[in-house]
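Build out the structure end to end from the sequences listed, making use of the hints.
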Amino acid sequence: MRNAFIDTIIDACSEREDIFILSGDAGLGVFDQFKEKHPDRFRNMGIAEQNTISFASGLALSGYKVFVYNIIPFLFYRCYEQVRNDICYQELPIVLVGVGSGITYAPMGMTHYSVEDIGLIQTLPNLVTISPMDPVEARAAAVYSLNSEKPVYIRLAKRGEPVIFNDSTFDITAPRIVRDGEWIAVVFHGSISDEVLEAYESLKNSGIAPLLVSVPTLQPLDAAGVISILSKVDHVVCVEEHFVNSGLGSMLARLKTEQSAQWGLTLMGVPYGFIHEVGNCEYLRSFYGISASEIIRTVTSISGAH
Amino acid sequence: MVVKQIKQAASQIRRDVIEMAFRSGGPHVGGALSCVDILAALYHKIMQLENWEERDIFILSKAHAAMALYSTLVSKGIMSPDLLETYCQEGGRLPAHLDRFSGRGIECSAGSLGHGFNIGLGVASGFKQRGSTRRVFVLIGDGEAQEGSVWEGALFAPTMGLDNFTAIMDYNDLQGYGSPSEICCFEPVASKWSAFGWYVCEIDGHDHNSILRALAEDSCGKPKMIIARTVKGKGVSFMENQLIWHYYIVTAEHRLRALEELQ
Chain A
1 MRNAFIDTII DACSEREDIF ILSGDAGLGV FDQFKEKHPD RFRNMGIAEQ
51 NTISFASGLA LSGYKVFVYN IIPFLFYRCY EQVRNDICYQ ELPIVLVGVG
101 SGITYAPMGM THYSVEDIGL IQTLPNLVTI SPMDPVEARA AAVYSLNSEK
151 PVYIRLAKRG EPVIFNDSTF DITAPRIVRD GEWIAVVFHG SISDEVLEAY
201 ESLKNSGIAP LLVSVPTLQP LDAAGVISIL SKVDHVVCVE EHFVNSGLGS
251 MLARLKTEQS AQWGLTLMGV PYGFIHEVGN CEYLRSFYGI SASEIIRTVT
301 SISGAH
Chain B
1 MVVKQIKQAA SQIRRDVIEM AFRSGGPHVG GALSCVDILA ALYHKIMQLE
51 NWEERDIFIL SKAHAAMALY STLVSKGIMS PDLLETYCQE GGRLPAHLDR
101 FSGRGIECSA GSLGHGFNIG LGVASGFKQR GSTRRVFVLI GDGEAQEGSV
151 WEGALFAPTM GLDNFTAIMD YNDLQGYGSP SEICCFEPVA SKWSAFGWYV
201 CEIDGHDHNS ILRALAEDSC GKPKMIIART VKGKGVSFME NQLIWHYYIV
251 TAEHRLRALE ELQ
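Listed in order, the protein sequences are those of chains A and B. One point on numbering: in our numbering, the residue at position 259 of the first sequence is 259, and numbering is uninterrupted. One point on numbering: in our numbering, the residue at position 211 of the second sequence is 211, and numbering is uninterrupted.
Because the hints were derived from the structure by calculation, they are not lab data. Treat the hints with caution; some may be incorrect.
[What the hints assert, rightly or not] For each label pair, taking beta carbons as the anchor points, the in silico distance ranges come out as:
1. A:L28 - B:A195: 30 to 36 Å
2. B:S179 - A:K37: 47 to 53 Å
3. B:R104 - A:D40: 28 to 34 Å
Note that this is a predicted model, so its numbers are computed, not measured. C-beta: ideal position from N, C-alpha, C; glycine also.
Okay, structure coming up:
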């Protein structure tokens, strides 16, 4: 996903003189090609997150389209206030490109995970937030962010994820049906897609294929689109690599209440609490109950009661 | 001639600050008065503001002194005087800290300290990158200079040759609840900035000739830091150097006495 996103931005730089890329001493090798072609439009801002975001805001005020690249917690946790006041309050066209969504960086430890960022963005008006599930969505997110006049946050995992759904014409701001199903839907965003797909194949073989819905744009949430896509299902399972209490699941719960939606809702995510468990991403997903087998178990259990 | 003009403008700005503070019943009059001479010199002499599209940029990073900026913009004819009446009023346009959408000449939203300084560096870098001769001036407070973000910027800016960037520190040595030189190891402040690779001047921040000279000095390819020694509450005897006038409210009696002194 990372390379699909970055390559799209770098391609655009050949035609656009106004693009500037800032990195927070992250992304070894990612920008080599860009630095070679446009040495005056790339800057390693070092390990100084507050200065990075304010500086980016100044560049944007002077007319540049600025992309800031960092690992998610360093992109906007320490410098949350700079993102709030300098970027969002001032409505500047800056794109925050974050890598290491959820527990991608396991076993680096809690300081390097981003399991609360979707909670934070809901406190940041004007910040369009896109969490692509595969390289196709990542490319569409890049195109969207290049054209956006608003601040954008892109929530990426890492590199090497497979293409899940190849549809050349789709709207990245709307929810997408990526696999057909009947009365139960699995709604998700971002890198948990591989677990969701694996679960789907297995469930399909068992005769309970769920409707798979990717919601790449989390803010602003296309509420009408979500309600419409889910209108034919009885139950919704939301799965995400994020705290269960403050991500897409909580948005769906609010939506369900506001719209008096009739579908039942089951939330799957990382339990609210600091992660002390050690292991790789696959292990932690399994440990915290968001692996393919846990999705299969949850859907099967709802199916049994249906 | 120029100095006389700046002096007159500064008096008018101070009177407006007192009126705004009185009408709004709001704080920050002391810190607004301490930077008035610097703002008057910038807007009435130093900054290029005639060709608006190519204007120099001023960022008030210590944005709690917003009253001083609003009044300065009015004195220069950039902002409508009617707007001053709406300062902090219900349904008004001008808040106590800066919102860049509130009026012409407000280049940058600010209020939380340690933001505008670094934003200014970004603007200056953007201008350089485009080959523009536009300049950036940022006013920071001495209390504000305790923010880590300021030192991140201090460490970083000299590598970029931002000789189009000037920071002015309004060193009135009084913050909300104390004095910077007592709260932390603030001094020697000038040599700290020199050691970081900045071109540093130290001046009396109320002497218009000194302000003009420091602003005009060639910084030899470096970003410039002007340490301006100022007096909090400058111009109103009973406010000068008084800690309470960071937050104290201007009453009708204060207003009359202050305006008398500022004639």
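Comparing the hints with the structure gives:
At about 31 Å, the beta-carbon gap between L28 (chain A) and A195 (chain B) stays in the expected band of 30 to 36 Å. Taking 47 to 53 Å as the suggested C-beta distance range, the pair S179 (chain B) and K37 (chain A) conforms, at roughly 52 Å. Separated by about 32 Å at the C-beta atoms, R104 (chain B) and D40 (chain A) satisfy the suggested range of 28 to 34 Å.
In summary, the structure agrees with every hint in the numbered list given earlier.
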